[in-house]
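Chains as they are written, first to last, in full-length UniProt numbering: chain A, 1 to 210; chain B, 1 to 210; chain C, 1 to 210; chain D, 1 to 210; chain E, 1 to 210; chain F, 1 to 210; chain G, 1 to 210; chain H, 1 to 210.
Don't read these hints as lab results, they were simulated from the structure.
The hints are all genuine.
Dumping the calculated PhoX-like pairs for lysine-lysine here, alpha-carbon to alpha-carbon at most 25 Å:
#, chain 1, residue 1, chain 2, residue 2
1, D, Lys-4, A, Lys-7
2, H, Lys-7, F, Lys-101
3, H, Lys-6, G, Lys-4
8 protein chains.
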Amino acid sequence: MNAKYKKLNKDDAALLLVDHQSGLISLVQDFSPSDFKNNVIALADIGKFFQLPTILTTSFDEGPNGPLVPEILERFPDAPFIHRPGQINAWDNEDFVKAVKATGRRQLIIAGVVTDVCVAFPTLSALEEGYDVFVVTDASGTFNLTTQQSAWNRMSQAGAQLVNWFAVACELQRDWRNDMEGLATLLSNHLPNYRNLMTSYSRLQQARNK
Amino acid sequence: MNAKYKKLNKDDAALLLVDHQSGLISLVQDFSPSDFKNNVIALADIGKFFQLPTILTTSFDEGPNGPLVPEILERFPDAPFIHRPGQINAWDNEDFVKAVKATGRRQLIIAGVVTDVCVAFPTLSALEEGYDVFVVTDASGTFNLTTQQSAWNRMSQAGAQLVNWFAVACELQRDWRNDMEGLATLLSNHLPNYRNLMTSYSRLQQARNK
Amino acid sequence: MNAKYKKLNKDDAALLLVDHQSGLISLVQDFSPSDFKNNVIALADIGKFFQLPTILTTSFDEGPNGPLVPEILERFPDAPFIHRPGQINAWDNEDFVKAVKATGRRQLIIAGVVTDVCVAFPTLSALEEGYDVFVVTDASGTFNLTTQQSAWNRMSQAGAQLVNWFAVACELQRDWRNDMEGLATLLSNHLPNYRNLMTSYSRLQQARNK
Amino acid sequence: MNAKYKKLNKDDAALLLVDHQSGLISLVQDFSPSDFKNNVIALADIGKFFQLPTILTTSFDEGPNGPLVPEILERFPDAPFIHRPGQINAWDNEDFVKAVKATGRRQLIIAGVVTDVCVAFPTLSALEEGYDVFVVTDASGTFNLTTQQSAWNRMSQAGAQLVNWFAVACELQRDWRNDMEGLATLLSNHLPNYRNLMTSYSRLQQARNK
Amino acid sequence: MNAKYKKLNKDDAALLLVDHQSGLISLVQDFSPSDFKNNVIALADIGKFFQLPTILTTSFDEGPNGPLVPEILERFPDAPFIHRPGQINAWDNEDFVKAVKATGRRQLIIAGVVTDVCVAFPTLSALEEGYDVFVVTDASGTFNLTTQQSAWNRMSQAGAQLVNWFAVACELQRDWRNDMEGLATLLSNHLPNYRNLMTSYSRLQQARNK
Amino acid sequence: MNAKYKKLNKDDAALLLVDHQSGLISLVQDFSPSDFKNNVIALADIGKFFQLPTILTTSFDEGPNGPLVPEILERFPDAPFIHRPGQINAWDNEDFVKAVKATGRRQLIIAGVVTDVCVAFPTLSALEEGYDVFVVTDASGTFNLTTQQSAWNRMSQAGAQLVNWFAVACELQRDWRNDMEGLATLLSNHLPNYRNLMTSYSRLQQARNK
Amino acid sequence: MNAKYKKLNKDDAALLLVDHQSGLISLVQDFSPSDFKNNVIALADIGKFFQLPTILTTSFDEGPNGPLVPEILERFPDAPFIHRPGQINAWDNEDFVKAVKATGRRQLIIAGVVTDVCVAFPTLSALEEGYDVFVVTDASGTFNLTTQQSAWNRMSQAGAQLVNWFAVACELQRDWRNDMEGLATLLSNHLPNYRNLMTSYSRLQQARNK
Amino acid sequence: MNAKYKKLNKDDAALLLVDHQSGLISLVQDFSPSDFKNNVIALADIGKFFQLPTILTTSFDEGPNGPLVPEILERFPDAPFIHRPGQINAWDNEDFVKAVKATGRRQLIIAGVVTDVCVAFPTLSALEEGYDVFVVTDASGTFNLTTQQSAWNRMSQAGAQLVNWFAVACELQRDWRNDMEGLATLLSNHLPNYRNLMTSYSRLQQARNK
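Using the sequences and the hints, build the whole thing.
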């Protein structure tokens, strides 16, 4: 018997961005820094584009972990932002869970640093409470591939779906016609080769229209 | 309790080729371009050799995504070819689903670009509707290995079988004696080292027969 | 609920070596040739050391696929050796299945070339019939890592256990005291660094005994 | 239906360190020696920091396998230390199982050398007996990636959770406030880049306080 | 006898950007698209920051090669821009060589797509004419690592210096005090982890100043 | 002092294809089989397109090394074809050297299997006799990367230039206008992503002309 | 004509450690953090063991670059420590060059972060002034392999020798008998597998002496 | 001006095997153990086959470094075997240099463990004294690729030629006809895929002769 397709729905999804802090990100070595930055901002842009309820959280952002990176903060100035006083698992923080529940959403899109802790722990907690969890693998970073693969395995075996930001965008969009220009801009900003396709195409369209 | 062997059957399988378009293929970086081209054409040749009902589909082929690559089109000039006006998931397009249902087949062999979207979405939809889905991993391409692995995991966890084109050919053929020369030609065209074995063998056979 | 430990038992296991033919092995690119040769012979030596009922089979060994490599044949001169006239899946060959059943064993240790076809197909067939199947991943080779990973996934999802030859040897042996010298010789022949440990140790023992 | 979150609990977890012997470690090639040493000692320090009941075991430590590495022994001078006379699977040794049961713990954190045997076998045994097993992937080493991946797959499919030492530390700690300085020291000793964050931070704090 | 240090000098260097066109860039597979885009723009920003005479050139930008990517064009609206009518080696185009000579500079910083042709050919030509050539390896892309390594070797053996954009920036700058904020902004825009260091530092400075 | 640019010249270059035999090619593991086949045929097509004097040679093609692959033979039915009776270094065969000299060319483009012997030996011999030698790295294959890198180093240090087939084609062509369609066809046949650019472009041109 | 062997001599060598600062090290991605830390400290220990004149320098250690890592500082409390006020190339700082000259040594062993700038620039400067320069490749880190390889090439082509810390130690030591225990301790502390050899050996020696 | 071809000559070459000791080999991680063992024995077999004067040497073979591996010793029971009492560089040992000089050979083929010390030091010494040195890269092992590449660079820049064992065998042999069966046996023993070619060929020859 095959599985039911648990499909992302922009009216039932919330975005959780966990501990993308300037200090912690310097620990990430399973992506190149430019790739990782691009992926994280792409995911943030998705949240904004689809107007997903978004929740921010950090751990000890006054200390060596550093503050939330400004690229995220400036995209969600009004989002609930939970500064955890000590809980490692964001789900152990009451305010965080309240904020999640306040969204009324049952699908949680989650990414963070580091994958094996800051992402995996709330993922496992939310799964246990019956949420559908979508872990954005390419916007979540950790120490090395061994650690990455272990964390992916643990979350997947518990029922989380592993997705990349591009799949998230496309699954939320469903149909290009819902906002063709908006999606094109989003992809163009974060997929350089897609932008190249569009650049070539536009040039030829211009030539055609002369 | 072990699983039942869901075995490909040439009388119950259909082939779905999704979005192998000239623009989109330039986004693929999890295979070398020559390997990927070889794999995709090998799969198309399999469809032709076993006379599988085959369905073609593209997304915005007038725009930057580009047209279906000619190597596919020329192999299936009479196949249903659904030009989707906007649906990202081919399964969201009624004509596509109708074409699938019209084949009467319950086993779907699917490949496309990019793996995490154009392949994964219809795979998950078809699984939900009870089809057996065979994802051809080496004829499906995407942005990088992180994306590839996430997509494979999601589809596999939902019940899809991950296969490569060579396994598809062999499972459909069952027995070399069903058409020895036909299969040999197929393999020779797409497995250079198998062709080398045949070249060496033929030479020796010729020598023997002198 | 955790799984029962399906543990290899030398009185209930049979060894199936499928299509390790001189032509087909030249297609293997997911291992270096020396590593692969070492692994295959190590597995054959395990079969001999534990006196496992062993079944050999080849596909078209008169043609370009080439004959079974002599290292295997000379270790099992009296084993049932099924030259398949055309069936790709060894399990589709009645003689092969009869030979398997004649062993009376319920645990099948299987390796072969190529992993995605010659190993995967009989593995899936045997699982369906209720056998416990142990796929020896490092004595089975194929075209590339994409193909390898797809095949591993398919077999694992169907219930096969993925093991390496060293784990097979150790699980069959259970306790070094069952035949310390025999196992040590086996490991020494196929694990160069283990042999090095023994060389250093022996030298020191000799010095001590002077 | 999603899985229950089987969460490490410092009052219900025991640590099993299996065969980290000077000879056997020289067989490990899936980690660089420095990374592996760091990971193993980190895990040992976790055991000490959380005062986990810890059990040590070795196989033939008078012979070429070599003695337990001193870094582990000196951290657990009073731990039960089972010198197995021949059993390959530590769980086949009565004293070992007794020692495990004597802890009264139901969560077993296990690491060792080599992953596919010394870790996998007791893991599968313990799972069968209903324990929750947490395999520490980065403190367990083996011959190569093929062997590593096969072993991870086998254990994961049987119900073990794959974790890395950092995730173990964080899941046991739950909240930084339980012992902020203790955890910080642990991380600082084994995550060079985390130490770097702390070094930079301290310098700036000192400057501030001048 | 050691070599003289041929050091980049902002008063003697010119920047040559060759064929960074939207079509050609889609052929690049020795960098991830995000890394490559970041590197190319970083180099362009260096040209602007140090006010280097900069020359742009493209090959058939009306055809499938596509136009120069807009990120470059908008940074150098007034730079000489040679649209080559057919010469593959930019140095074979008189206007290009005239533009180079018009700068009066003897140090040429060059990057382009693809490395083995569009970069290597003018590099070898310029070396022959006695220029010092600095090939920016990470802002030049090609088909694969074999191609990249061959091209690097050919240029290096002929006397070119292989440098990365960060080394170019630092060698031109000589001393941070020449424009501390300018260089910091440049690095911050293109080295995400350097930006993280600055983010953490600024936060702590702010805290200090409260 | 910089090097003179030793530039390929279609009127001074000859092509030497050494031991691309069906048996020997099965030893190649530093390229995927499809990539290698594509590269070798691309180089042969270059020879034909530029009408380079071409010399074929094989070693023991009646034995296990196998015959020259038919793709090469059919492109050069009239080329001198030296079947060496035993000399490993083609340059030790008088007929081969005579054939080279008969071309009157001073630039030798060479590729073959295996790189470290069949390519390296005649390369070193020809260099010694004052020829300019261009080793086509991606149309020459060998056992593994260690072997490849050693051979590249040895040849490069002796004065050979390392080039890839695409660079050879472009350096011989000099200017697209010499035969735009011919070069485009050559590239289109062997660079799948370049073909994709052309496919997209043609489609848009057609649309424009409607 | 072969090269003279420029051999490290403990009476003619000085050690330069450049910019191993807590912030800058977090930019290093061409080594795992544990490997890099181990290599850097090993090199520092070499400096101490052979009592090499050692010079420390940092760049802006009050700012985001962070202070020199304490492991280095505590090993050389009395070494000249040049806090550069802005010069990127340490050799542009008069105090640094004076300190180098004050050692009277003509062989410079250099390592630092990042390789392409903080190591390469003073290396090229020192070579120009006639020093023999030994770049310690594994104690110098940078952004990625492209950057690393470019920097190695540039320095090597200018006459620097690329060495690893182990080679440095052995070349300075010349003969184990100069201080057997000292060297053994050094190696044991930084080569975990060498320590394992010693652990096994000691155990056997102890057993022998009983 | 191109280089003279310094070609191996079996009447002018000697083989130096340095420190292939059971303990030291366990430090090698730049080859898989099976590949490395195969390469080392292949080189030893070459020495025997071509009756090259061969010199063995070890460092502290009574201690943790361990004895020379028996596979080498048994092939050269009568070779000069220098047990160095402490010199790290074999060339610093008078007996070793005397033994080299006693051969009267000017070409030195050298391999050993570890590459960066035990191979590099005598290589650099011998080059300085005017010998032609051939470093067998695949029969020399070290800690990791960084170390390997540094050592290769240093030796190559000083004038050593980097070769692999297969190239050594072929260059010494010159012509298959000098001893066809002997060379075939050598290759068959150490190149599994070459052996496969021969197995397939023999089978077909047998069939032909029936």
